[in-house]
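Quick mapping for you: the protein sequence lines, in order, are chains A and B. Counting from 7, one number per residue, gives the positions in the first sequence under our numbering. Counting from 7, one number per residue, gives the positions in the second sequence under our numbering.
Hints are computed from structural coordinates only; laboratory data are not their basis. Keep in mind that a hint or two might mislead.
Computed cross-link-like contacts, DSS-like style, restricted to lysine-lysine with a CA-CA straight-line distance of at most 27 Å [said to hold, decoys possible]:
| # | chain 1 | residue 1 | chain 2 | residue 2 |
| --- | --- | --- | --- | --- |
| 1 | A | K263 | B | K107 |
| 2 | B | K260 | A | K107 |
| 3 | A | K260 | B | K107 |
Away from chain A, derived, C-beta distances all over 10 Å, residues of chain B [said to hold, decoys possible]:
| # | residue |
| --- | --- |
| 4 | I90 |
| 5 | D133 |
| 6 | R165 |
| 7 | G182 |
Note that CB positions come from ideal geometry on N, CA and C, so glycine has one too.
2 protein chains.
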Amino acid sequence: MPLTGYRIVDLTRIISGPFCSMLLADLGAEVVKIESPTDGDPLRAQGAMVEGFSWYFASYNRNKRSLTLDLRTPEGRGILERLIARSDALVENYRPGVLDKMGLSEARLRELNPGLIVGSISGFGRDGPYAERPAFDFIAQAMSGFMSTNGAADGPPLRTGIPLSDLIAGLYCALGVVGALLARERGGMGQQVSTSLVDGLVSFLSYMASNTLASGRPPERSGNDHPLVAPYGLFAASDGPIAIAPSNDSVYRKLLKALDLTRLEADERFRDNAARMRNREPLRAEIEAVTRTRSQAHWIERLNAGGVPCGPVLDLPDVFHDPQILHQEMVIEANHPAHGPVRMTGFPLKLSGTPCRLRRPPPDLGGDTDEILADLGFDAAQREGLRARGVV
Amino acid sequence: MPLTGYRIVDLTRIISGPFCSMLLADLGAEVVKIESPTDGDPLRAQGAMVEGFSWYFASYNRNKRSLTLDLRTPEGRGILERLIARSDALVENYRPGVLDKMGLSEARLRELNPGLIVGSISGFGRDGPYAERPAFDFIAQAMSGFMSTNGAADGPPLRTGIPLSDLIAGLYCALGVVGALLARERGGMGQQVSTSLVDGLVSFLSYMASNTLASGRPPERSGNDHPLVAPYGLFAASDGPIAIAPSNDSVYRKLLKALDLTRLEADERFRDNAARMRNREPLRAEIEAVTRTRSQAHWIERLNAGGVPCGPVLDLPDVFHDPQILHQEMVIEANHPAHGPVRMTGFPLKLSGTPCRLRRPPPDLGGDTDEILADLGFDAAQREGLRARGVV
Chain A
7 MPLTGYRIVD LTRIISGPFC SMLLADLGAE VVKIESPTDG DPLRAQGAMV
57 EGFSWYFASY NRNKRSLTLD LRTPEGRGIL ERLIARSDAL VENYRPGVLD
107 KMGLSEARLR ELNPGLIVGS ISGFGRDGPY AERPAFDFIA QAMSGFMSTN
157 GAADGPPLRT GIPLSDLIAG LYCALGVVGA LLARERGGMG QQVSTSLVDG
207 LVSFLSYMAS NTLASGRPPE RSGNDHPLVA PYGLFAASDG PIAIAPSNDS
257 VYRKLLKALD LTRLEADERF RDNAARMRNR EPLRAEIEAV TRTRSQAHWI
307 ERLNAGGVPC GPVLDLPDVF HDPQILHQEM VIEANHPAHG PVRMTGFPLK
357 LSGTPCRLRR PPPDLGGDTD EILADLGFDA AQREGLRARG VV
Chain B
7 MPLTGYRIVD LTRIISGPFC SMLLADLGAE VVKIESPTDG DPLRAQGAMV
57 EGFSWYFASY NRNKRSLTLD LRTPEGRGIL ERLIARSDAL VENYRPGVLD
107 KMGLSEARLR ELNPGLIVGS ISGFGRDGPY AERPAFDFIA QAMSGFMSTN
157 GAADGPPLRT GIPLSDLIAG LYCALGVVGA LLARERGGMG QQVSTSLVDG
207 LVSFLSYMAS NTLASGRPPE RSGNDHPLVA PYGLFAASDG PIAIAPSNDS
257 VYRKLLKALD LTRLEADERF RDNAARMRNR EPLRAEIEAV TRTRSQAHWI
307 ERLNAGGVPC GPVLDLPDVF HDPQILHQEM VIEANHPAHG PVRMTGFPLK
357 LSGTPCRLRR PPPDLGGDTD EILADLGFDA AQREGLRARG VV
């Protein structure tokens, strides 16, 4: 696998950081997740529990091992430093400055391991006027401008339910760490890789950003209609809505053909995209007069066969039973020795030669402490002592 | 830079693929964007134009060179094959099977260049029952389940305005290509890297996915309220709303302190998160009775100082004037020789040793054709002939 043999010290918790280190683990890295001996990653106590185990925690921590360490003790910090000295990368999502306060300044890290790559995720960036602010996905959604673009045309700015800024930042950070490993492999040095919740989400604003930068004007929220294309959106079939997205004139003509509406080709009201935007509602009425006569399944087959992008609006139970999702192995099951089968979403990255795979179930809190300490050279008596003193 | 010297043949267009190849270019790769001589990437004609140039196109194509090639001609395909033979990776976002029809089967690509990494983005994946369907971001939002999670509590499933599935897939594909380059650098082979709009978005469903997999029940849309935490959401200050996100009891107490509402600590209605969820509206009334008395700016400073994540809901013009965004250089300007200054969002990935930087402005259509052909060994007369025959 691409990262086989690389060792990652994982000081992350909650979502963005654990997602990043899981992406690295999925690509083959040996990730050691450091957790506090008392309660560990807060996600262990959140979300739906099955057999006493959080599937929310599980979904971000497969393929990792867990080592408990009390980092408030000198002994705990000493063990962390020994791990850092023999690792390739460290990943963390503390607030900027916290690593320094733990005694792990950039200088100290370089001293411990000159080749170390340090991947950091923060809310707003490592410096600047807001760097010290506490951060949270919802705040990043609000301050990146994302919320201002999400929502119905007549509704308020809307957060999206998934922790979008955390996930984007985690994915960027994984890209940065792998890029930095590649640079080091080609003769480069260790370095600091960082990204933030806000910056990542800003980089996802797409044409909303470029149009605003060009015009100075904010985009308008448009709900399920596209602000620049018509027809586009949800259309009623006899048994529910279908999403239809003809992106240009050529696909629009395919849509008319598939619906037996070719008479509309000559209709002046729908001559080109600009005319169709002006006459969105009459066009919707024409289309729905046809789509309402048959089922979603009928139209989805017919429109796809005719080259028109379309599909049902699936809720999550449907998604996880969808034949394509199952074919793509986007639901996988880890067999946890203590908690039984744990289901989670699969690997969106498919590598033909070195595929991502489930090598380890999500770890119990400190479940690999003994093995990792032994590997660091602590004998059984020493490990017992560390445990007795509450260090691990 | 991490990818300096790596050559990428870029057959992508529109959003997901160009975003992927731009991420590779931002990390230092030499990306040659192949475009049709007649009109090039459709994005060149979309979005806001400044001095005749699409800033939408610009935002996904900095740091690349453009080579026009008519791939319907044998000569055009021959030039493409010469480029492929001397490149490290090829990136494409055609529908599965199109590359084969162009004569570039996996076998042919391996013959041309055994070490080649091929990065592919499709709508639904390279195989399976929906593989051949035409795809589009909106359809991926609908079929991944994302739309079912986005929207107001009393509203319909809602698409989000940004082309989210395209961008996630582009970012995953970049991670995969860099991972495959690293694997090859460490003694591996060329390989196929692929991802899809739907699979990428499914991997972003977070606790909505894990809870559904655990319980079988779909999540409920909850608009700007969090389904599991209270208080949480938008609260009215005297001059507009502020987003406030106290994630746990400790931060909730900090919020009460910052608002001079510590008397509520003893209030049975708000004893713990479960009680606060039941009494969300009375708690909102208590909080807003205070927040309405002063401005957004006042509360944002006060709450941040007290350790409570909060912020304004910014629209995009505000975002691009925000001091933190500017400090992080999240708005950058390319100086295009023909079209003047072109503004776009910056680099969310910060690498201390090998930073991403703007090396080239977004290219004119075919603007680098001559240079690239010369580099491939075509002399001036040959280049003139290719141009006269409409091949380039």
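Exercise. Which numbered hints are broken by the structure, listed smallest first?
Worked result: The structure conflicts with hints 5, 6, 7, although it agrees with all the remaining ones.
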